[in-house]
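Those sequence lines, one after another, are chains H and R. Position 207 (the first sequence) corresponds to 207 in this note's numbering; numbering is contiguous. Position 164 (the second sequence) corresponds to 164 in this note's numbering; numbering is contiguous.
Among the clues, some could well be false.
[What the hints assert, rightly or not] No more than 30 angstroms apart at the CA atoms, straight line, and that leaves these computed lysine-lysine pairs for DSSO-like:
| hint | chain 1 | residue 1 | chain 2 | residue 2 |
| --- | --- | --- | --- | --- |
| 1 | R | K275 | H | K160 |
| 2 | H | K196 | R | K389 |
| 3 | R | K275 | R | K127 |
Simulated from the structure, these hints should not be mistaken for laboratory data. Small disclaimer: the values here were computed from a predicted structure and weren't measured.
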Amino acid sequence: MSKYPKIIKKLFWVLLIAYPALSAELPVGRPPLPAEIAAWDIDVRPDGTGLPPGQGSVKLGEALFLERCAACHGEFGEGAGKFPELAGGIGSLRQDRPFKTVGSYWPNSTTAFDYIRRAMPFGQAQSLEPDQIYALVAFILNLNDVVAEDFVASQANLAKVKMPNESGFYDDDRDATERGFWVAAPCMTACKPEAKITGRASAVDVTPESKTAPKME
Amino acid sequence: MSNSSAPRTLPIARRALVAAAATSFAGAARAATPDPAIVNLPDWSQSLGDGVQAHPYGVPSPFEKNVVRRDVEWLTAGQQSSVNFTPLHALDGTITPNGLCFERHHGGVAAVDPDRHRLMIHGMVAKPVVLTMQDLKRLPRINRIYFLECAANSGMEWRGAQLNGVQFTHGMIHNVQYTGVSLRTVLEAIGIDPRAKWVMAEGADAAGLNRSIPLAKMMDDCMLAFAMNGEALRPEQGYPLRLVVPGWQGNMWVKWLRRLKIGDAPWETREETSKYTDLMPDGRARRSTFVMDAKSVITSPSPQTETAPKGRMVISGIAWSGRGAVSRVDVSLDGGRNWQAARLDGTADPLSLTRFYADIDWNGQELLLQSRAQDSSGYVQPSKADLRKIRGVNSIYHNNGIQTWLLRADGQCENVEVS
Chain H
1 MSKYPKIIKK
11 LFWVLLIAYP
21 ALSAELPVGR
31 PPLPAEIAAW
41 DIDVRPDGTG
51 LPPGQGSVKL
61 GEALFLERCA
71 ACHGEFGEGA
81 GKFPELAGGI
91 GSLRQDRPFK
101 TVGSYWPNST
111 TAFDYIRRAM
121 PFGQAQSLEP
131 DQIYALVAFI
141 LNLNDVVAED
151 FVASQANLAK
161 VKMPNESGFY
171 DDDRDATERG
181 FWVAAPCMTA
191 CKPEAKITGR
201 ASAVDVTPES
211 KTAPKME
Chain R
1 MSNSSAPRTL
11 PIARRALVAA
21 AATSFAGAAR
31 AATPDPAIVN
41 LPDWSQSLGD
51 GVQAHPYGVP
61 SPFEKNVVRR
71 DVEWLTAGQQ
81 SSVNFTPLHA
91 LDGTITPNGL
101 CFERHHGGVA
111 AVDPDRHRLM
121 IHGMVAKPVV
131 LTMQDLKRLP
141 RINRIYFLEC
151 AANSGMEWRG
161 AQLNGVQFTH
171 GMIHNVQYTG
181 VSLRTVLEAI
191 GIDPRAKWVM
201 AEGADAAGLN
211 RSIPLAKMMD
221 DCMLAFAMNG
231 EALRPEQGYP
241 LRLVVPGWQG
251 NMWVKWLRRL
261 KIGDAPWETR
271 EETSKYTDLM
281 PDGRARRSTF
291 VMDAKSVITS
301 PSPQTETAPK
311 GRMVISGIAW
321 SGRGAVSRVD
331 VSLDGGRNWQ
341 AARLDGTADP
351 LSLTRFYADI
361 DWNGQELLLQ
371 SRAQDSSGYV
381 QPSKADLRKI
391 RGVNSIYHNN
401 GIQTWLLRAD
411 GQCENVEVS
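Working from the sequences, and respecting the hints, build out all of it.
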């Protein structure tokens, strides 16, 4: 037989060694150990998935809140300085100045657990034990009259708490409700009868100085 | 781009302004006395300047010392959960220099040691994985230029003109070239459960910031980026690893990225429920408003730029869209009554900043300057009035309304609203 097939076979192997095919497997990394996943796996979902074992009462939460949270959020969750308000405002979302808090706006109680667990107290993140977080969430819910004073939040019941604004959200509908913003040929001439000035930023006068170098701290 | 070749004139502007402007052209000027900048030899032409290592990492000229990010002190409680703004008025082209990219942090800038940084991908996957930075740099690499805009950009302007400077009204945007790994490359290799639909991305900062992102978007064009504009990410932009989510709101571009968890439903985190949802006039709120609508703004002249001289003027601005490429930008000199096509120049890539110019002759009469972008989906940037008709004034996010600058006779600009 011809000797070519042998050469081609040889060439095939030479090419394969010179240019190894990239496998579909990830060529780097390793599987995480269960203890490693547990160390980072702190997220909680609205159905309660991810909530750790534990419980905490409104009463314990109040004591803890005064100690760890009130400096920024106020003793009654009313907020201090520009730090966020946590309580009040239920029913205000249609008003000219809506007041968005855990009680008036947040759709899920579990989100408060997830957020406190990962980010609070501000500057001392991930320093609270699950029982403490349950207690704080219970207290904040009570500040908003969402749960009674004797409420004890737990892994079993937190996801079942009904939030006042639970049904206040809907998915992005811009493609439908703002369909008018898609225009084949935008207006180019005489698009409106007049353009009169109706407001000036200079009248509000809240702009920082920007023509000199900023102060350094 | 087809419209990036020859400069376009502005016929209406010319008809209105060219007659009075003719005598003020620079070419017609005559000097009475010799210019000291010419006849007096400056120091830098005689004595030696700095040697090569005066600045091992280069810095701008001291004459550019005012071109810096700035914050608005009254806006937030403190510096660690705050924002500063890109000085758009002083920039041109399309790429934002790394040191001028606006910052938004929720727990300060994490000072991450890259050797101790890990990315864990787990949840609904066959083969969960932990990756080091070295691992990530052994995977196939891509380079992409994308804008990143905070969903709250222009959010202070919903109730009317408030901040007198494009840095503050529009400066929560930057546009850089990212180097990194396509997420599809990684996700396809670890066996995603077919029932999976969402991915939670989480940062390693003291806010542990977390957002849910549709798996389809992650597979489409998201990136694990470790470099910006050719160098390692800046700490304030997520060093050593950030998620890139092209065209979508900046809050989703999780910095200091430590974890991706694959799931079948969104997590409804604090950042995607209590924040980054858009309250509408009926008291309900839109959620998952990820895409950034088409938007543009004139960056020069604007309230922070130098006094404009009469005569020839370059109107310069930026345009972008989260739905595709910018296909056209129009400029108005009369508050939106009449429009002329601006000239697009530089890259006009999808999901990336586009630069536009309009060259006019200005006779010193007041102008109401506006720009209006259209993107490849056909979406046209709306007026603020049209936006408010649908959204009211309390939605905070996604204010992409047309901006008006009043160019006064004295050559200074003001942020105004027009009927």
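Outcome of the hint check:
Of the pairs offered as hints, the one joining K275/R and K160/H holds, with about 22 angstroms between alpha carbons and a cut-off of 30 angstroms not exceeded. A hinted pair counts as satisfied when its Cα atoms are at most 30 angstroms apart, and K196/H with K389/R qualifies at roughly 19 angstroms. Proximity of K275/R to K127/R is assessed by CA-CA distance (about 33 angstroms); at most 30 angstroms being required, the pair is judged violated.
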